[in-house]
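From first to last, the protein sequence lines stand for chains A and B. Residue numbering for the first sequence follows our numbering, starting at 1 and increasing by one per position. Residue numbering for the second sequence follows our numbering, starting at 116 and increasing by one per position.
Honestly, the hints are just simulated from the structure, not real lab data. Predicted model, so just to flag it, every value in this text is computed and none were measured. There could be a bad hint or two in this list.
[Claimed, not checked] Chain A residues, not near chain B, derived (Cβ > 12 Å throughout):
{"#": "1", "residue": "V13"}
{"#": "2", "residue": "T72"}
{"#": "3", "residue": "V85"}
[Claimed, not checked] Straight-line C-alpha distance at most 35 Å; calculated DSBU-like pairs for lysine-lysine:
{"#": "4", "chain 1": "B", "residue 1": "K129", "chain 2": "A", "residue 2": "K70"}
{"#": "5", "chain 1": "A", "residue 1": "K70", "chain 2": "A", "residue 2": "K16"}
{"#": "6", "chain 1": "B", "residue 1": "K129", "chain 2": "A", "residue 2": "K38"}
{"#": "7", "chain 1": "B", "residue 1": "K124", "chain 2": "A", "residue 2": "K38"}
Beta carbons are placed, not taken as given, at the ideal position from N, Cα and C, and that holds for glycine.
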Amino acid sequence: AQKVTQAQTEISVVEKEDVTLDCVYETRDTTYYLFWYKQPPSGELVFLIRRNSFDEQNEISGRYSWNFQKSTSSFNFTITASQVVDSAVYFCALSEAPRESQFYFGTGTSLTVIP
Amino acid sequence: NAGVTQTPKFQVLKTGQSMTLQCAQDMNHEYMSWYRQDPGMGLRLIHYSVGAGITDQGEVPNGYNVSRSTTEDFPLRLLSAAPSQTSVYFCASSRDRDRSPLHFGNGTRLTVT
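All chains should be built: construct the whole structure from the sequences, respecting the hints.
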């Protein structure tokens, strides 16, 4: 079973629209970490944010915000006023610390922002 | 800051050939790992290491070998390349094995014909 599910394979939005990327995870651990990474067309993988399971406070960084809800096992990512530079594949990942030494990645959501 | 360095960037192999993908990090990270990225599959873990001399299998280890003789280096060996190993490979490191974010290399695009 997939530990991290990103049901949206591809999303297209027009520039300046808001867009939310969904991430649902599965774990029985009480201690775990969630991550988001961005992969622009150039191919590198860039870390965006980490959230631990004990901190459900939402986070905002500029146009980016993250909504962590343990009740629904979700860690969604919203881009406000999207820009062409936001076009990328976005990956959500789970680490089940400290029991496991692996990071589990979702299959990614490809976001295209149309100018 | 070099971070995680992977070589080569591109490689074409014939079926049955062997090769080593190199990965080095200069951040003194204990944890290193190899992933492959295939369309629609996300990133899948091949092998990982929690420190020098310690390696373990990930989700898709068959056909690959690793070793970790130093903290800095974590090479990935393809023993006998197969077309199914055509993929983009990423090496990653992190300060610890669970809570710190992964730092990725720029990837190696491998084609096996």
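The hints, checked one at a time:
1. V13: The claim holds: V13 (chain A) sits with its nearest Cβ about 21 Å from chain B, beyond 12 Å.
2. T72: holds (21 Å)
3. V85: It holds; V85 (chain A) is separated from chain B by about 19 Å at its closest Cβ, greater than 12 Å.
4. B:K129 with A:K70: Violated - the C-alpha atoms of K70 (chain A) and K129 (chain B) are around 48 Å apart, more than 35 Å.
5. A:K70 with A:K16: Since the Cα atoms of K70 (chain A) and K16 (chain A) sit roughly 30 Å apart, the hinted pair holds (cutoff 35 Å).
6. B:K129 with A:K38: Judged against 35 Å, a Cα distance of about 32 Å means the pair holds.
7. B:K124 with A:K38: Holds: K124 (chain B) and K38 (chain A) sit about 20 Å apart, inside 35 Å.
Consistency note: the structure conflicts with earlier hint 4 alone.
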